[in-house]
Amino acid sequence: MLNKKLAFFEGTFLLIGTIIGAGYLTLPYSFLKAGIWSNLFWLLFLIFFVTLLHLFYAEVVLATPTRHRFPGYVSLYLGKVPGLVAKTSFVFGVFGSLLVYLLLGSHFFELLLKPFLAGFNGFWGLDLDKSITLIFGLAMSALVALKINLSAKINFFITILTLFLFLIISGFASLKINPVSFLIKPEESFFFPFGLVLFSLVGSLIIPEILKFLEVEKQDKKLIKPIVIWGTLIPGLIYLFFAFSIFGASGQHTTKEAIAGLSGILPQNLVFLGVLLAFLEILTSYLGFGINTVETLRKDFNFSKLPAKFLVGALPLSIFFFGASDFLKVMGFLGALLVALDSVLLAKVYAALKIRNPGYQFQIVRAPKALVVFAVAVMVLGGAFSLYFNF
Amino acid sequence: MAKKIGTVIHIYGKIGVAILALVSELKVGDTVLFKGKKTEFTQTIDSIQINHEQVAKAKKGDDVGIKVSQEVDEGDEVFLA
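Sequences listed follow chains A and B, in order.
In this text, residue positions in the first sequence follow our numbering: the first is 1, and each later residue adds one.
In this text, residue positions in the second sequence follow our numbering: the first is 1, and each later residue adds one.
It should be emphasised that the hints constitute simulated quantities derived from the structure, not laboratory data.
Only pairs whose alpha carbons sit at most 20 Å apart, straight line, appear in this in silico PhoX-like list of lysine-lysine:
| # | chain 1 | residue 1 | chain 2 | residue 2 |
| --- | --- | --- | --- | --- |
| 1 | B | LYS35 | B | LYS3 |
| 2 | A | LYS5 | B | LYS14 |
| 3 | A | LYS153 | B | LYS14 |
| 4 | B | LYS38 | A | LYS147 |
| 5 | A | LYS147 | B | LYS37 |
| 6 | A | LYS87 | A | LYS299 |
| 7 | B | LYS57 | A | LYS218 |
| 8 | B | LYS37 | A | LYS299 |
| 9 | A | LYS305 | B | LYS38 |
| 10 | A | LYS114 | A | LYS130 |
| 11 | A | LYS225 | A | LYS4 |
| 12 | A | LYS87 | A | LYS348 |
| 13 | A | LYS5 | A | LYS221 |
| 14 | B | LYS37 | B | LYS3 |
| 15 | A | LYS147 | B | LYS14 |
| 16 | A | LYS256 | A | LYS329 |
| 17 | A | LYS256 | A | LYS130 |
| 18 | B | LYS37 | A | LYS305 |
| 19 | A | LYS153 | B | LYS38 |
| 20 | B | LYS27 | B | LYS3 |
| 21 | A | LYS218 | B | LYS14 |
| 22 | A | LYS4 | B | LYS14 |
| 23 | A | LYS218 | A | LYS5 |
| 24 | A | LYS4 | A | LYS221 |
| 25 | B | LYS4 | B | LYS38 |
| 26 | B | LYS14 | B | LYS38 |
| 27 | A | LYS369 | A | LYS348 |
| 28 | A | LYS354 | A | LYS369 |
| 29 | B | LYS60 | B | LYS4 |
| 30 | A | LYS256 | A | LYS114 |
| 31 | A | LYS222 | A | LYS4 |
| 32 | A | LYS218 | B | LYS27 |
| 33 | A | LYS256 | A | LYS185 |
| 34 | B | LYS4 | B | LYS37 |
| 35 | A | LYS4 | A | LYS218 |
| 36 | B | LYS14 | A | LYS221 |
| 37 | A | LYS222 | A | LYS5 |
As the structure is a computational prediction, the values presented were derived from the model and not from experiment.
The whole structure should be built from the sequences, with the hints applied where relevant.
In structure tokens:
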């Protein structure tokens, strides 16, 4: 059994490690496109609401004796149709995330290969981007099908190293901030950052696991509250520092994946190392997530082995060839539509706890009804406006 | 032949916790053997949780959470050692 402090640190770290994925890499570009004020607004505003939603999820998991995935809780408390909506959102979310890994992974792959690509313009009539995405996608599909991934310990080490390096890069970039960057006129709407920030901040998937961790370590369940608050706030603050420094230093040259635009501003080796580690991080996340998805399709959707593996490999590549080739748009869309939809369902499940279990005493968070309604309104309006203005 | 007491039905990989579906009684302090395609080890049960609560023992039909000392896979079988 761990002592309370260690349990707090381990739980908080689990949440931070889950939240910080690939989404934040798009935030400096979002600063460039939508301006500093709308980005600051959405980051701070959504840090609060995502923290609240994470707390709601903890409450729902603790209030329910049986173990479910998120769509299972929705079916249990809100009924069949909302449950089906949640399940559909889950499936689209899973394949959408695989698509994001495919697009980002091949983008970083291309950045790494650039010095060796002089004269190569693609094959089979495909342009360079498409050729590289096809090679990367096929290689990843083969590794997923063969269940090849690095050990959990090495993956964890890569995540820590990447985060650490990105903090160093942000630190260096913060010394090179050019105030002129902040005078660049935004081209995109106020709602542009909504989906990207939401996609980057949500980590509810790990909440049941953190609660289970507290149980097996015989800790007070209420410890989940500071874990969720700090575990969501810290990634939010890291994002702020990262986006502010990288955009501040790169200005007009800020790239969609944040790092390439730093060439010429930061030492070349540091930029190369950043690209390399980001690539490794995305690659290992892709493999882990892909292998998990095969298992989910088999267990929860009764697929047999081969079709499940084929779908995980082929579907993201097919969506890419049908035209979804911009990872920024895909992330923004997933955030504004699916994450916002799941958030609305979660707030409604939380509100249903008292109705379904009369006399239930809240254990983690007792939110006034007005706050729950406000959270739903933010997600519905934020999602709807960003879909309207951006897609 | 050791007595089978359950099967691993879910894993929380990041924290090393397995959910077992019990076909026989399990108590804190029992020594159990995990056996599967890639798994074979024994360990003592330190704590058992059912429905978010700590219990000293669980009975046939319960789904319980226990901390595992090594990696296990879903489908691995658990025997009383």
